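Chains A and H, in that order, give the protein sequences.
Here the first sequence stands for residues 1 to 140, numbered as in our numbering.
Here the second sequence stands for residues 141 to 444, numbered as in our numbering.
No lab work stands behind these hints: they were computed from the structure.
The model shown is predicted, which means the values in this text are computed figures rather than measured ones.
The beta-carbon is built from N, C-alpha and C at its ideal position, and this holds for glycine as well.
Honestly, I wouldn't trust all of these hints.
[What the hints assert, rightly or not] Residues of chain A clear of chain H, computed beta-carbon distances all greater than 10 Å:
(1) Gly-69
(2) Ser-107
(3) Glu-112
[Unchecked claim] Under the rule of at most 20 Å between Cα atoms (straight-line distance), these lysine to aspartate or glutamate pairs were calculated in the EDC-like manner:
(4) Lys-320/H / Glu-48/A
(5) Lys-438/H / Glu-92/A
(6) Lys-438/H / Glu-97/A
(7) Lys-320/H / Asp-354/H
(8) Lys-6/A / Glu-97/A
(9) Lys-438/H / Glu-99/A
(10) Lys-320/H / Glu-304/H
(11) Lys-438/H / Asp-93/A
(12) Lys-438/H / Glu-48/A
(13) Lys-337/H / Glu-92/A
For reference, the chains in residue letters:
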Amino acid sequence: MNPQPKIIAFCCNWCSYAAADLAGISRLQYPGSIRIIRVMCSGMVHPEMVLHALNRGADGVMIIGCPLGECHYIKGNEMALARSEVIADTLEDQGFESERFQVAWVSSAEPERLAEIFREMSGRLAALRGAAQVETVAGD
Amino acid sequence: MRPRLSFEWLHACSGCEIALLNSGELLLGLLDRVEIVHFPLLMDHKYTTRAGGEGELNLPEAEIGVVSGGVASEEHLVVLRAMRASCRTLVSLGTCATHGGIPALRNQWPIAAALKTVYAGSEGGTAIPDTILASLDRVYSIDEKVPVDFSLPGCPPRPESIIELLEAMLAGEPFHPPCKSVCETCPTIRTGKGQQKVRRFLANAEYNPEKAVDEMRCLLEQGLLCMGPVTAGGCGGKDAPLCIRARVPCRGCFGPVRQGGNQLLDMLNALASNGMGHRDIVDRRSLLRFSGAHGLLKPLRERK
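Could you put the whole structure together from the sequences, leaning on the hints where they help?
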C-alpha cells in the first residue's frame with residue numbers, strides 16, 4: 001500500500017488551480033500523492049465523478065473552487081456547494097466515510113492555505129487508514 | 141424449423157410474463173412463427189439433470205432465451221446458468237433482471253438481518269425454516285452473473301416493446317432500447333421556475349381533471365418528488381409516460397437512463413443543482429427502489 005493516501009483534487013481554472021500553480025512557483029510543500037484535475041468551474045464536477053474516483057481506488061476527493069460570491073461564472077461554486085451536500089449525504093450510503101470528501105474555497109492569492117488544506121486532508125485520510133488497520137488487527 | 145423460445149423466471153413476480161401475454165393480437169402474430177419450448181408460467185415442464193440426477197440442470201435448447209427476475213439464491217443461479225448454456229441469445233426482461241428491481245431493496249441489510257426480520261419468531265427468537273433456499277449475500281441483476289445480449293427494463297416492460305424486441309431478434313435486426321429519460325417523453329408544462337421544497341410522493345398534484353395531461357404543470361415543479369429526470373423513458377410508448385397519465389409522479393421503475401447510472405445520486409444532484417431541497421426527502425435510499433443491484437444499495441457501515 002502506498003505510504004501516502006491518494007487524493008484527487010478537482011481545482012477550478014480561475015482560482016484554486018491558479019493557487020496550486022502559485023504554490024508550485026513558491027515551492028510550498030504539500031504531499032506528492034495529490035492528483036490535481038483542472039476543471040473550468042467547481043460547479044461542473046458531477047457527484048458521479050467523485051464517486052467514480054473513490055470506487056476506482058482514490059482515498060479521498062476534494063473539490064476546490066473560488067471563494068463563494070467570487071465565481072468566474074457567477075454562481076458555479078454555489079452549485080458546487082449544493083452538490084457537495086449531496087455527495088456528503090450519499091457517501092455513507094455508498095459505503096464510504098464522509099471524511100473522504102471535502103469541499104473548499106481558495107482564491108488564487110492563497111497558495112499557503114491551499115497547501116495547508118492539502119496537508120490536512122492527507123493527514124485525515126492517513127488517520128482513517130490507520131483506524132481501519134487497527135480495526136482489522138482487533139478483528140483478528 | 142421455427143425459432144425456439146425459452147422463458148424462465150427467477151426472483152420475480154410473473155408481471156413481465158403477464159405483460160407479454162397482455163400484448164394482445166401482436167402475441168398471436170408472434171406465436172405463429174415461433175415454438176415455445178420452455179415457459180414455466182404457461183407450460184408444465186420437468187426440470188431434469190443430465191444422466192441420473194447428477195450434474196447440471198438440463199433445459200431445452202433454444203435460439204432465444206428470456207429471463208425475468210433477479211438472482212437471489214443458489215437455485216436462481218443454477219437455473220440462470222442453465223439458461224445461458226441452452227440459449228443462443230439471452231434477453232434480460234424487466235427491471236428485476238436488468239437492475240435488481242424491488243427485491244434488491246433487501247440489499248440495504250446483511251442477509252442474516254433480512255432473514256431475521258422476515259422470519260421473526262415469537263419471544264424475540266427467529267423461525268427461519270430449514271427448507272428456505274440458500275440465499276446469496278445480496279440480490280444480483282442477471283448481467284452481474286452471466287453475459288446478457290439484450291436488456292429490456294420496465295416494471296413491467298411495455299407489452300408492445302417486448303414484442304418489438306422479439307420480432308427484431310427473429311428478423312436479425314438491431315433493437316435499440318429506450319435511451320431517453322421520462323422527462324424527454326413527458327408533455328407537461330415546464331416553466332423553469334418551481335417549488336423549492338420537495339413534497340412526498342403521497343401528496344396530490346394540482347391539475348384540472350377535465351383537461352389533458354399536456355395542460356398540467358410539471359410535477360417536479362409542483363414540488364412532487366418525480367423521478368422522471370433520472371429514469372429511462374419508454375413506458376408510455378409515443379404517448380405520455382404511464383404514471384404522468386395517471387397524474388402521479390414517476391416512481392423510477394425503468395431504472396437509470398443509461399446502464400451504470402445511479403438514480404439516487406443523479407436525482408439528488410438534479411434537485412441540488414436546481415436549488416430544490418434535496419434534504420426534504422425522508423428516505424433517500426428508497427430512490428434506488430428499482431435499481432439496487434450492481435452494488436448500489438449496500439448495508440450501512442457501522443461507524444466506531
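key: Structure versus earlier hints - violations, ascending order   = 13
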